[in-house]
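*Asks:* Spelled out, the chains give:
Protein chains: 2
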Amino acid sequence: MFSVQLFDDAPDETAYVLGLGFRLTNEKAIRSVQNWKRVSNGSVVTVHDAFTNRSFQDSSLIFVTDYHPLSKTLAEQHLCGPNRFQGRHTGSHIPEQVLWTYVTQIASGLKAIHSCGLAARVIDPSKILLTGKNRIRLNACAIMDVVQHESQRTITDLQHQDLVNFGQTIITLGANSPSVMNNPTKAMDHFSRAYSPQLKNSIFWLLGGLQKDQERNIDIFITGISSQLISTFDSALHLDDQLISDLSRELENARLVRLLTKLNFVNERPEYEHDRQWSENGERYFLKLFRDYVFHQVDTQNGPVVDLGHVLSCMNKLDAGTDEKITLISRDEQSCFVVSYKELKKAVESSFQALLKPVRGL
Amino acid sequence: MFSVQLFDDAPDETAYVLGLGFRLTNEKAIRSVQNWKRVSNGSVVTVHDAFTNRSFQDSSLIFVTDYHPLSKTLAEQHLCGPNRFQGRHTGSHIPEQVLWTYVTQIASGLKAIHSCGLAARVIDPSKILLTGKNRIRLNACAIMDVVQHESQRTITDLQHQDLVNFGQTIITLGANSPSVMNNPTKAMDHFSRAYSPQLKNSIFWLLGGLQKDQERNIDIFITGISSQLISTFDSALHLDDQLISDLSRELENARLVRLLTKLNFVNERPEYEHDRQWSENGERYFLKLFRDYVFHQVDTQNGPVVDLGHVLSCMNKLDAGTDEKITLISRDEQSCFVVSYKELKKAVESSFQALLKPVRGL
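In the order they appear, the protein sequences are chains A and B. Each step along the first sequence adds one to the number in the working numbering, with nothing skipped, and position 325 is 342. Each step along the second sequence adds one to the number in the working numbering, with nothing skipped, and position 161 is 178.
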């Protein structure tokens, strides 16, 4: 099955995974995707739908998932991209703390998947997306359920296999060269040397090496990594704090854009250029002088004052409608007016509303 | 000790907790605050410093912490604010999921504090800040270490007390009426009826009710609540996603503000009003017409077109400098020009640079 990703322009950032030349033999297979809609987890790429299609002169299978722009797979990021099959050990060591964040996120994703009675079935560095700094998501999850629907294995069995694949993925990343995977002993060796006993034991447990014949599920694993989990949780909270701080600074800009646009709508309208009633109306005349005050200041040598700080400060006071008074000078320098930002704000509002009136009258 | 919170205008949002009339008897006490600087956790209000001062005609003790504007204490939020000592049961039931988010965050904070060899010593609904939706932080942490420095209790003992206070805080919130705290049996009764056995057992463990004489520390507690922890972790990731999405929309606004400001700096400068060289220079003339194109459109009835979408679309194309061509009409409707956004972008840049020249020449 040849697969290609298509992206549409829909604002909700959806991706379509297209499998050409796939013949669907069992209707039930496609319906299994409906179960995947219940999985809504920050560490799993959300699956929306799947359907067959004949538009490509072929019988095709299309999956619809969330689209995460500018993401890479873990393989591209850590296993040296296009050169990764040349067998040379060119990747750089992944710090233990980063590996732990991957472990906790995959564990979170698997918990959500397993609690819905499903199994990921594909856990591989080439199918895990890195969508942000140390932020990963399991991808391609629903596909095997459709393509290999006739699987004889039970869900419990598939879920156990998930744990093993999980462990193998971490070993591959930690060993940092896929050639080592061909030699499990060498891989575990390298891993044990490079990382702490706690990480090594957690991964060993996933591979089924410890506590054979005892109950093995993702909940037990999570209990075992709880201290790392709380550490990754705290990092997510710190990121929330940072984003909220950045966002509040930026929200100010939206307000300014709207205010600047309103001012530009009102000032210098050609249809009122010779309209005495419009231009000599006190309010609109002040707005013209105010525009000069904000944008057309000159210094003592008559050079233009180009100061964004001054512009922002004036616009913020205008938006707030403060009582502070400023002096506006007419262009011929013959007249001089003292107005407050409060009066100017009122002027902007009523002039702008006046523009809207003819439109509403239609 | 009377305490008041003062806030300065520093951009880093620092708060000062001022304790008047406090006489510091032991220099070592103040130095204990240095240990608190090592605690950097998303669920603990960061402590920066503490010092004594005589500016208020008194010997005062001042603590410097992060400032979280618009936050409430959990007591104000859930235990009915100012009426909470009137003994009436007026608070609304706190859903179990919310209580669990509080539990996981306090656990995260305590883990950070205990790992630094410290103890919170104050865990109470009136000293826990709600700084966002379901987002809490332990407050007033370093204070007892200074004020009750002579405490005879060992750190391990104080840390055990932290766990007990933790449990009592959750019971108080769950029981939702401080009067019930006077009757521990009644409180546990209410709690057991209102919440799941898992939550009840976790809190009971904190209070020391289960497994007496066995080792008790925050790490063991965290292992016990790991499934709830992973759920709260996933919520934090969802919030990260939401914030990043909001932020990327808003970042566009800063760019637009700068571009609109540049346009306004260049257009209609009074000192060039009669300067043929300035205004009939092709570039600046086009910018004047472009300003009309963007802000001064009229419809078929000659009514003003007030369309923010049009403005944003034009400004974005201008910023990108696309090859799309537009028709600009002179005010007297006698001349008509076809220019591309690419040429207009170049015009904005060079006109703006021309404004900066005289300034640089100084």
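Hints in this document: simulated from the structure, not taken from any laboratory. There may be inaccurate statements among the hints.
Given that identical chains are not distinguished, each listed pair holds provided it fits within a single copy or across any two copies.
[To be verified] List time: in silico DSSO-like cross-link candidates among lysine-lysine, alpha-carbon distance up to 27 Å: (1) K374 <-> K359; (2) K217 <-> K279; (3) K45 <-> K362; (4) K89 <-> K150; (5) K359 <-> K54; (6) K359 <-> K144; (7) K89 <-> K279.
Keep in mind the model is a prediction, meaning the values are calculated, not measured.
*Asks:* Hints first: check each against the structure and report whether it holds.
*Replies:* Hint check:
no. : hint          : in the structure
1   : K374 <-> K359 : within (23 Å within a copy, 35 Å between copies)
2   : K217 <-> K279 : neither (62 Å within a copy, 58 Å between copies)
3   : K45 <-> K362  : neither (64 Å within a copy, 56 Å between copies)
4   : K89 <-> K150  : within (11 Å within a copy, 32 Å between copies)
5   : K359 <-> K54  : neither (53 Å within a copy, 45 Å between copies)
6   : K359 <-> K144 : neither (58 Å within a copy, 40 Å between copies)
7   : K89 <-> K279  : neither (42 Å within a copy, 37 Å between copies)
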